[in-house]
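In order, the protein sequences belong to chains A, B, C and D. Numbers 1 to 224, taken from full-length UniProt numbering, label the letters of the first sequence in order. Numbers 1 to 224, taken from full-length UniProt numbering, label the letters of the second sequence in order. Numbers 1 to 224, taken from full-length UniProt numbering, label the letters of the third sequence in order. Numbers 1 to 224, taken from full-length UniProt numbering, label the letters of the fourth sequence in order.
Some clues are possibly wrong.
What the hints assert, rightly or not - When the alpha-carbon atoms are kept at most 27 Å apart in a straight line, the in silico DSS-like pairs for lysine-lysine are as follows: (1) 192/D / 124/C; (2) 54/C / 167/C; (3) 167/A / 114/A; (4) 132/B / 164/B; (5) 114/C / 207/D; (6) 192/A / 54/D; (7) 218/A / 25/A; (8) 124/C / 117/D.
What the hints assert, rightly or not - If you want the ones that stay clear, here's a sample from chain D, every Cβ over 12 Å from chain C, calculated: (9) 25; (10) 71; (11) 99; (12) 111; (13) 168.
The set of hints was computed from the structure by calculation and includes no laboratory data. Even for Gly, the Cβ is constructed at its ideal location relative to N, Cα and C.
There are 4 protein chains.
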Amino acid sequence: MKKILGVGLLVMLIAMVAFKADKKKKVVFFGDSITEAGVKPGGYITVLKDKLAKENINDYELVGAGIGGNKVYDLYLRMETDVLAQQPDIVVIYVGVNDVWHKRSFGTGTDPDKFEKFYRAIIKKLQAQNIKVVICTPATIGERKNFTNAQDGELNQYSEIIRKIAKSESIPVVDLRALFTQYLQTNNPDDKDRGVLTVDGVHLNEKGNNMVADEMWKGITQVK
Amino acid sequence: MKKILGVGLLVMLIAMVAFKADKKKKVVFFGDSITEAGVKPGGYITVLKDKLAKENINDYELVGAGIGGNKVYDLYLRMETDVLAQQPDIVVIYVGVNDVWHKRSFGTGTDPDKFEKFYRAIIKKLQAQNIKVVICTPATIGERKNFTNAQDGELNQYSEIIRKIAKSESIPVVDLRALFTQYLQTNNPDDKDRGVLTVDGVHLNEKGNNMVADEMWKGITQVK
Amino acid sequence: MKKILGVGLLVMLIAMVAFKADKKKKVVFFGDSITEAGVKPGGYITVLKDKLAKENINDYELVGAGIGGNKVYDLYLRMETDVLAQQPDIVVIYVGVNDVWHKRSFGTGTDPDKFEKFYRAIIKKLQAQNIKVVICTPATIGERKNFTNAQDGELNQYSEIIRKIAKSESIPVVDLRALFTQYLQTNNPDDKDRGVLTVDGVHLNEKGNNMVADEMWKGITQVK
Amino acid sequence: MKKILGVGLLVMLIAMVAFKADKKKKVVFFGDSITEAGVKPGGYITVLKDKLAKENINDYELVGAGIGGNKVYDLYLRMETDVLAQQPDIVVIYVGVNDVWHKRSFGTGTDPDKFEKFYRAIIKKLQAQNIKVVICTPATIGERKNFTNAQDGELNQYSEIIRKIAKSESIPVVDLRALFTQYLQTNNPDDKDRGVLTVDGVHLNEKGNNMVADEMWKGITQVK
């Protein structure tokens with residue numbers, strides 16, 4: 001009788017461990033076309049998956065929720081169906097390029113104060129579901145160094161807003177803007193506007209995807 | 001015994017009638033600076049209140065929920081606290097000027113497809129609470145007739161979107177755009193860009209407030 | 001001796017008549033990409049040449065001076081080398097689309113007051129050389145009828161400026177804006193934004209080139 | 001006889017000195033509203049005049065030719081009447097703020113390639129009259145340091161164009177952009193967007209006018 005009980009307990013324990021092993025942390029990357037491309041072959045999410053597999057890190061499930069052209073308020077509108085419904089443990093918000101870019105290309109960017117308002121509203125809704133949040137600054141619109149790309153001023157401004165939110169909310173920030181501009185200082189000697197970390201000034205090339213994958217991982221592992 | 005019952009019934013009926021008289025239909029006007037000004041002395045909501053009082057129409061309560069600079073997605077963000085929390089019977093949505101205007105003034109207008117998307121999302125959330133909806137087209141940005149104001153093309157375009165939504169959702173539409181442009185055809189002989197129905201091309205003057213009050217009332221009484 | 005003189009006179013007279021026949025009126029079409037395409041096969045200038053040839057009208061030489069992306073001040077900058085140096089008899093100015101269009105696409109359109117200022121400066125310089133001038137209104141940016149294209153308001157506004165200049169300077173005006181919008185009212189039943197008179201909302205298709213060719217000829221023959 | 005000759009020589013010498021004293025170098029400051037304000041009390045041209053007077057430097061005549069809202073092509077249009085007609089020895093071109101600024105505020109800025117084209121056309125016309133040229137970079141649109149003002153990217157870009165022209169034409173450049181951004185790094189600890197060197201982010205305050213006056217003088221004295 002005792003023996004049977006012992007076996008039963010052992011089975012239960014094994015099952016629990018197995019369950020725990022199965023219960024991976026679900027990370028949803030919530031963003032725009034850069035994240036939409038992130039799940040494709042060579043995309044930053046795919047690259048990160050491969051890196052984790054190689055290092056036998058099996059307790060994370062990485063999911064993409066990026067839609068091209070999205071601005072912060074588009075994320076807010078679709079967060080219930082596209083993110084909350086997935087019951088993620090961690091959400092990485094990566095938005096801001098279109099909020100700045102579309103000011104010029106279409107006259108439909110986002111005012112800085114409203115950018116912050118919607119950004120904080122998204123975080124609040126996620127945190128209300130006990131979801132951990134990681135946020136990212138937008139990297140580049142044009143790769144020329146020394147801040148001579150047309151919208152560098154605003155990318156810096158919106159990145160500052162995101163850093164401020166991260167600080168006030170004690171949220172890890174993946175500072176792609178700082179990372180990219182620093183990298184370009186020393187790795188863009190010909191001052192090209194694309195081709196170093198992006199294919200078109202905005203969307204990531206192989207090197208860019210690789211850098212973002214590494215940086216995202218650093219951000220995710222900062223989550224407590 | 002019968003008599004007492006009769007008296008009791010009478011009291012009950014009186015109470016019910018009194019209650020019904022007390023239970024006014026709450027109408028929330030949900031919009032931008034035009035609606036924010038609407039509750040001030042001379043504003044279109046105040047004017048409509050006065051008109052109803054004069055005609056002894058007592059079964060409507062008119063409430064303003066306008067905030068300057070609001071675009072359709074700003075309404076979406078604040079609809080729970082500012083509108084749903086008030087448990088209105090009818091909501092009049094009056095938005096669109098800034099969605100067009102800010103394209104030019106700040107580069108932060110709203111794309112037409114997203115305008116429609118957020119507009120429909122607001123209606124859906126209201127209808128889910130059994131709230132009746134009335135929607136309005138944006139009147140003018142500049143009063144010059146014959147469509148020579150800089151943003152006439154887009155005001156017409158966004159008004160078409162609103163008319164299309166009204167039709168597909170069988171919702172009453174207060175077509176201020178049609179009303180104003182028609183009125184200006186015959187009442188703006190000097191082709192002034194302001195001063196006929198507005199003080200600055202956008203915000204209503206006395207005549208404009210009066211016209212909008214009348215037109216809003218027509219829309220509200222179309223609600224079934 | 002007398003006979004010889006007579007023959008000599010005759011030869012001279014013939015030579016003069018021949019010279020006069022040779023001395024065609026040179027018409028330079030001065031504009032943007034629409035005019036740049038105008039000299040290509042099927043372009044409106046080529047079409048007009050063919051029409052004149054068919055009707056044995058031989059006393060006009062049609063020359064294109066269009067450069068893509070040009071606004072009114074670009075014409076002013078290059079008018080000496082590209083137009084005056086050709087010693088034309090007539091210059092047809094056909095500009096304005098980019099002055100309006102680039103407001104949106106690049107934030108580099110032309111203010112209405114400066115549009116008029118540069119336009120008048122060009123006319124003044126041409127008239128100072130005894131060159132006759134014909135001016136044209138910009139046709140369309142988008143072919144939707146009923147003024148729902150995003151920049152219809154401004155196209156109407158800038159067309160009004162051109163009509164005003166034409167009137168005050170007693171210059172023939174080729175009113176392509178009026179012509180096109182009128183034509184689209186009855187010939188664009190599906191309210192398409194391109195494909196009726198243009199290939200992309202701006203640049204002329206076969207029907208458009210044909211209409212512009214006819215209309216240009218009417219304008220040129222109004223020159224006194 | 002000798003005496004008379006002596007007296008004659010003396011008179012001649014006096015006349016020559018007098019003539020030389022009269023023949024001041026005329027410097028025309030050619031620009032926008034900043035230069036229009038420059039000739040007013042406290043403006044940078046007035047300040048420079050006062051400084052020169054204090055130091056008994058009498059051989060320069062400083063003239064303002066600034067008009068509010070001017071972009072590079074506006075200077076080109078009015079250079080004959082407003083500058084060449086004054087027969088200056090030196091022209092200081094100080095333009096670029098509106099070429100960038102109006103992209104946002106009105107959609108009517110100047111494309112970078114056309115900015116360079118018109119800028120070079122102005123210089124060429126001045127040099128054809130043997131006029132010496134000094135050129136300036138545009139200082140600021142917003143004084144926040146670390147390039148977070150909305151249009152910093154473009155101000156840097158257009159400043160680069162001006163530096164490139166200065167280099168290729170061997171013309172002295174008054175690099176106000178470099179000077180201001182450097183100054184703000186250490187003198188704008190609270191990261192204000194105005195009030196350090198300007199009153200509104202663009203137009204100079206007392207300190208700004210003083211700095212520009214000094215810097216202009218350095219540029220003018222570099223003219224060979």
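Taking the hints in turn, this is what the structure says about them:
1. 192/D / 124/C: Not OK: residue 192/D and residue 124/C at ~48 Å, beyond 27 Å, violated.
2. 54/C / 167/C: 33 Å, violated
3. 167/A / 114/A: 18 Å, holds
4. 132/B / 164/B: 18 Å, holds
5. 114/C / 207/D: The hint is violated at about 33 Å.
6. 192/A / 54/D: 49 Å, violated
7. 218/A / 25/A: Answer holds: residue 218/A to residue 25/A is near 15 Å, not above 27 Å.
8. 124/C / 117/D: 23 Å, holds
9. 25: 30 Å, holds
10. 71: 8 Å, violated
11. 99: 9 Å, violated
12. 111: Contrary to the label, residue 111/D does not stay out of reach of chain C, its closest Cβ about 5 Å off (not over 12 Å).
13. 168: 19 Å, holds
Violated hints, in rising order: 1, 2, 5, 6, 10, 11, 12; the structure is consistent with all others.
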